[in-house]
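Colleague: The residues making up each chain are set out below.
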Amino acid sequence: MEIFEIIISSLYVMGAAGYLIYLFLQKDHFQKIGYYLLIAGFGLHCISLIYKVVRTGYIPVNNLHETLFIAGWALVGVFLIFRYKYNLKILGVYAAPLAALIVVSACLLQNEPGQPREIFNHFWLVFHIIAIFTGEASFALACGIGILYLLQERSIKTKRPGFFFKRLPSLELLDATGHACIVTGFTLLTIGLITGFIYAHVVWGRFWSWDPKEVWSGISWLLYAGLLHVRFAVGWHGRNAALLAIIGFGVLLFTFLGVNFFFDGHHGEFTKY
Amino acid sequence: MANLPNINTDMKTNSRYSNHSQDMCPVRLQPAEDPSEFDILVIGLNHKTAPVEIREQLAFSNEETAHALEMLHKEANIREIALLSTCNRVEVIMAAKNSVKAVETAKTLMAHLKKIPIVKFDQTLYIFKGDDAVRHVFRVASSLDSMVVGEPQILGQIKEAYHMAIEKKTGGVILNRLLHRTFFIAKRVRTETGIGDHAVSVSYAAIELARKIFGNLEGKKALLIGAGEMAELAVEHLLRHKIGELYVVNRTFERGVNLAVRFNAQAMRFEELSDCLEIADIIISSTGSPDFIIRRDQMKKIMRIRKNRPLFFIDIAIPRDIDPQINHLSNVYVYDIDDLKGVVDENIEDRKKEAIKAERIIDEAVIHFHKWYESLAVVPTIVAMRKKMDRIAKTEIDKTLKSLSHLSDTDCQAIHRMGDALISKMLHDTIICLKQNSRYHDKAMQLNITRRLFSLDIE
Numbered sequence: 059m060e061i062f063e064i065i066i067s068s069l070y071v072m073g074a075a076g077y078l079i080y081l082f083l084q085k086d087h088f089q090k091i092g093y094y095l096l097i098a099g100f101g102l103h104c105i106s107l108i109y110k111v112v113r114t115g116y117i118p119v120n121n122l123h124e125t126l127f128i129a130g131w132a133l134v135g136v137f138l139i140f141r142y143k144y145n146l147k148i149l150g151v152y153a154a155p156l157a158a159l160i161v162v163s164a165c166l167l168q169n170e171p172g173q174p175r176e177i178f179n180h181f182w183l184v185f186h187i188i189a190i191f192t193g194e195a196s197f198a199l200a201c202g203i204g205i206l207y208l209l210q211e212r213s214i215k216t217k218r219p220g221f222f223f224k225r226l227p228s229l230e231l232l233d234a235t236g237h238a239c240i241v242t243g244f245t246l247l248t249i250g251l252i253t254g255f256i257y258a259h260v261v262w263g264r265f266w267s268w269d270p271k272e273v274w275s276g277i278s279w280l281l282y283a284g285l286l287h288v289r290f291a292v293g294w295h296g297r298n299a300a301l302l303a304i305i306g307f308g309v310l311l312f313t314f315l316g317v318n319f320f321f322d323g324h325h326g327e328f329t330k331y
Numbered sequence: 017m018a019n020l021p022n023i024n025t026d027m028k029t030n031s032r033y034s035n036h037s038q039d040m041c042p043v044r045l046q047p048a049e050d051p052s053e054f055d056i057l058v059i060g061l062n063h064k065t066a067p068v069e070i071r072e073q074l075a076f077s078n079e080e081t082a083h084a085l086e087m088l089h090k091e092a093n094i095r096e097i098a099l100l101s102t103c104n105r106v107e108v109i110m111a112a113k114n115s116v117k118a119v120e121t122a123k124t125l126m127a128h129l130k131k132i133p134i135v136k137f138d139q140t141l142y143i144f145k146g147d148d149a150v151r152h153v154f155r156v157a158s159s160l161d162s163m164v165v166g167e168p169q170i171l172g173q174i175k176e177a178y179h180m181a182i183e184k185k186t187g188g189v190i191l192n193r194l195l196h197r198t199f200f201i202a203k204r205v206r207t208e209t210g211i212g213d214h215a216v217s218v219s220y221a222a223i224e225l226a227r228k229i230f231g232n233l234e235g236k237k238a239l240l241i242g243a244g245e246m247a248e249l250a251v252e253h254l255l256r257h258k259i260g261e262l263y264v265v266n267r268t269f270e271r272g273v274n275l276a277v278r279f280n281a282q283a284m285r286f287e288e289l290s291d292c293l294e295i296a297d298i299i300i301s302s303t304g305s306p307d308f309i310i311r312r313d314q315m316k317k318i319m320r321i322r323k324n325r326p327l328f329f330i331d332i333a334i335p336r337d338i339d340p341q342i343n344h345l346s347n348v349y350v351y352d353i354d355d356l357k358g359v360v361d362e363n364i365e366d367r368k369k370e371a372i373k374a375e376r377i378i379d380e381a382v383i384h385f386h387k388w389y390e391s392l393a394v395v396p397t398i399v400a401m402r403k404k405m406d407r408i409a410k411t412e413i414d415k416t417l418k419s420l421s422h423l424s425d426t427d428c429q430a431i432h433r434m435g436d437a438l439i440s441k442m443l444h445d446t447i448i449c450l451k452q453n454s455r456y457h458d459k460a461m462q463l464n465i466t467r468r469l470f471s472l473d474i475e
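Chains as they are written, first to last, in the numbering used here: chain A, 59 to 331; chain B, 17 to 475.
Keep in mind the hints are simulated off the structure, nothing from the lab.
Idealized CB from N, CA, C, for every residue including glycine.
You may find that some hints are simply not true.
To be verified - As a list, the in silico DSSO-like pairs of lysine-lysine whose alpha-carbon atoms are at most 30 Å apart:
{"#": "1", "chain 1": "B", "residue 1": "Lys368", "chain 2": "A", "residue 2": "Lys143"}
{"#": "2", "chain 1": "A", "residue 1": "Lys147", "chain 2": "B", "residue 2": "Lys203"}
{"#": "3", "chain 1": "B", "residue 1": "Lys368", "chain 2": "A", "residue 2": "Lys85"}
{"#": "4", "chain 1": "B", "residue 1": "Lys185", "chain 2": "B", "residue 2": "Lys117"}
{"#": "5", "chain 1": "A", "residue 1": "Lys224", "chain 2": "B", "residue 2": "Lys323"}
As the list claims (entries may be wrong) - Listed next, with one range per pair, are the computed distances between beta-carbon atoms:
{"#": "6", "chain 1": "B", "residue 1": "Cys428", "chain 2": "A", "residue 2": "Tyr94", "range": "26 to 36 Å"}
{"#": "7", "chain 1": "B", "residue 1": "Ser421", "chain 2": "A", "residue 2": "Ser68", "range": "32 to 42 Å"}
{"#": "8", "chain 1": "A", "residue 1": "Glu60", "chain 2": "B", "residue 2": "Lys415", "range": "53 to 63 Å"}
{"#": "9", "chain 1": "A", "residue 1": "Ala283", "chain 2": "B", "residue 2": "Glu270", "range": "28 to 38 Å"}
{"#": "10", "chain 1": "B", "residue 1": "Gly235", "chain 2": "A", "residue 2": "His287", "range": "36 to 46 Å"}
{"#": "11", "chain 1": "A", "residue 1": "Glu60", "chain 2": "B", "residue 2": "Ser421", "range": "57 to 67 Å"}
{"#": "12", "chain 1": "B", "residue 1": "Gly235", "chain 2": "A", "residue 2": "Tyr94", "range": "45 to 55 Å"}
{"#": "13", "chain 1": "A", "residue 1": "Val112", "chain 2": "B", "residue 2": "His384", "range": "53 to 63 Å"}
{"#": "14", "chain 1": "B", "residue 1": "Glu69", "chain 2": "A", "residue 2": "Tyr94", "range": "55 to 65 Å"}
{"#": "15", "chain 1": "A", "residue 1": "Leu281", "chain 2": "B", "residue 2": "Gly260", "range": "28 to 38 Å"}
Assemble the whole structure, with the sequences as input and the hints as a guide.
Modeller: Here it is in structure tokens:
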């Protein structure tokens, strides 16, 4: 199993290298190499996850190692979909290294098998986990696109077309793709929260228990809801939307990792190491 | 067997030639002994060597080019010829036996046809020979020699010159090959270096910026305030990118209407400017107003109405029309003429860097061309032909001998000798034909065909 994870990680790392070389040299074949390496890594990643699920009968989210591994999987998967749909090649420059970083740090963490509990194998929970992870991956991409937007906007505003001006696509494409990511992420987060509530009701008999993770998830959800609202109502395009996407992802990251470090609650085990 | 020694002497000649050529200036492409000796020559002038008055006087129209080609081709000395005439250069590309004489002929003809004395333009001429000529043609086509490095038109102009030479049948094997290589190299330079990337004119730089903001310009709405050459050029670029609608605002409504008719646009009154600002995405401003015509506070309100849809101001006017403070509002971008010039200067710097890469590609291509050109000589062709036949015979004989294990060594040697003899006999007539000095046959053409029939060029 270990060797499998190392192969996946190295495929992602090489993919990231391909994209970074592409960023500097602007030769399209490096970007293609990076893309195919990511696809190969993702394929293996899927196989390894399916294998784990079949072998144990549980979705592997028992400790930080497994959680990060799934997070990396979701990120690459969502990236590949957006890359295909919007043809936003340059996004790989952000997504591939991030995925590589996540998966490599997962490999470095000790994989102490947690106690898989019976409650893990519940329909709503499976749904909850998948929706939350893919939703968060979408938000991660939205954050990356936001960063690219700010870089490109800066080079246009300051009237110094430098390194990024040539390499990044138009503001409108970045804005549209970022928005699509937010909408996707928001939909998935909503589904994830609802299924989570249903599951909580089934298991603990109540929808909401003021668990810190729940509270922070609620805050993230409200933040993204606000972002979408001001976009439609006031027309917060471009810079402000990009900034909000970045801030939103910061809050989300805190919800994902920070809450488990600083507070206790029933999500604790996922990110304990 | 009778011919074998003959070939050996040929090989000796060949090696003598190669030593010889090393001692000599490497520019010369032809072996001294070869009857099919001609030099590739370029004689011409361009924007760097000649002032515009002289270039104007020497520019050839299409009919004049055709006429000049025919006249020069009549000269026995000049085998192949093409003539390139653009607003920045006039160049004659020739393959000639006696280069000094050919240059004189070309000069005289230019003076004669354009009716100006040679002394007037003699100083501005450059003459390139051999490799230098090849390099020059490659550089011109790759737009390294252009006034604006990287501009794309020159390649098309060379293609036209080539077609003209084909039409008038003044081209031949050498120019054919040279120009085909030229097109290939120019294309390679364009795709492999960034020499043609990024605008180097102010109006085009503005369009490029617009595309970095809006992506696709199709269906976007543009507004032209005022008029002026550069502004209209930018509008034409926009129209080429299929913008949706164009509005024209002018202080004098009548002038606005006239412009609108020209661009198939919608004329608006100056009082309607505010309304236009609400709908337009790209605004090109070029009025003679001494003061800003659009201010920050006004724009702030309009942006709220526009729901922050991005807006791009191209301010070509001097003094400026658009308050530069507007650039600080979010989703609004203001570029004035100096900003655009700054962008252009940076792009020109980039192109210069890319030109170094292009020179390397060209150097390589010149070496390749040189090799091909050398191979056009008789001796290397015969050697290559013989070698190829030997190789084929050897493979086949070896194959056969493998299955005939009962043969003795002497038998095998006899079979090998027979193979050699067969080759010599079969190539005999071809070699004699190639070696004959004939005034009626184009030697280069003969050699080229031979090389193709036997597929001697690996390229």
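Colleague: Give a verdict on every hint.
Modeller: Evaluation of the provided hints:
1. B:Lys368 <-> A:Lys143: Given that 30 Å is the threshold and the Cα spacing comes to 37 Å, the pair is violated.
2. A:Lys147 <-> B:Lys203: Distance of about 25 Å is within 30 Å: holds.
3. B:Lys368 <-> A:Lys85: holds (19 Å)
4. B:Lys185 <-> B:Lys117: Judged against 30 Å, a Cα distance of about 22 Å means the pair holds.
5. A:Lys224 <-> B:Lys323: holds (28 Å)
6. B:Cys428 <-> A:Tyr94: 26 to 36 Å: Roughly 54 Å apart at Cβ, these two residues miss the hinted range, so it is violated.
7. B:Ser421 <-> A:Ser68: 32 to 42 Å: violated (54 Å)
8. A:Glu60 <-> B:Lys415: 53 to 63 Å: holds (55 Å)
9. A:Ala283 <-> B:Glu270: 28 to 38 Å: violated (54 Å)
10. B:Gly235 <-> A:His287: 36 to 46 Å: Violated - the Cβ-Cβ distance for glycine 235 (chain B) and histidine 287 (chain A), about 27 Å, lies outside 36 to 46 Å.
11. A:Glu60 <-> B:Ser421: 57 to 67 Å: holds (59 Å)
12. B:Gly235 <-> A:Tyr94: 45 to 55 Å: Roughly 35 Å apart at Cβ, these two residues miss the hinted range, so it is violated.
13. A:Val112 <-> B:His384: 53 to 63 Å: Holds: the Cβ-Cβ distance is about 59 Å, inside 53 to 63 Å.
14. B:Glu69 <-> A:Tyr94: 55 to 65 Å: holds (59 Å)
15. A:Leu281 <-> B:Gly260: 28 to 38 Å: Once the Cβ atoms are compared, 36 Å apart, the range 28 to 38 Å for glycine 260 (chain B) and leucine 281 (chain A) holds.
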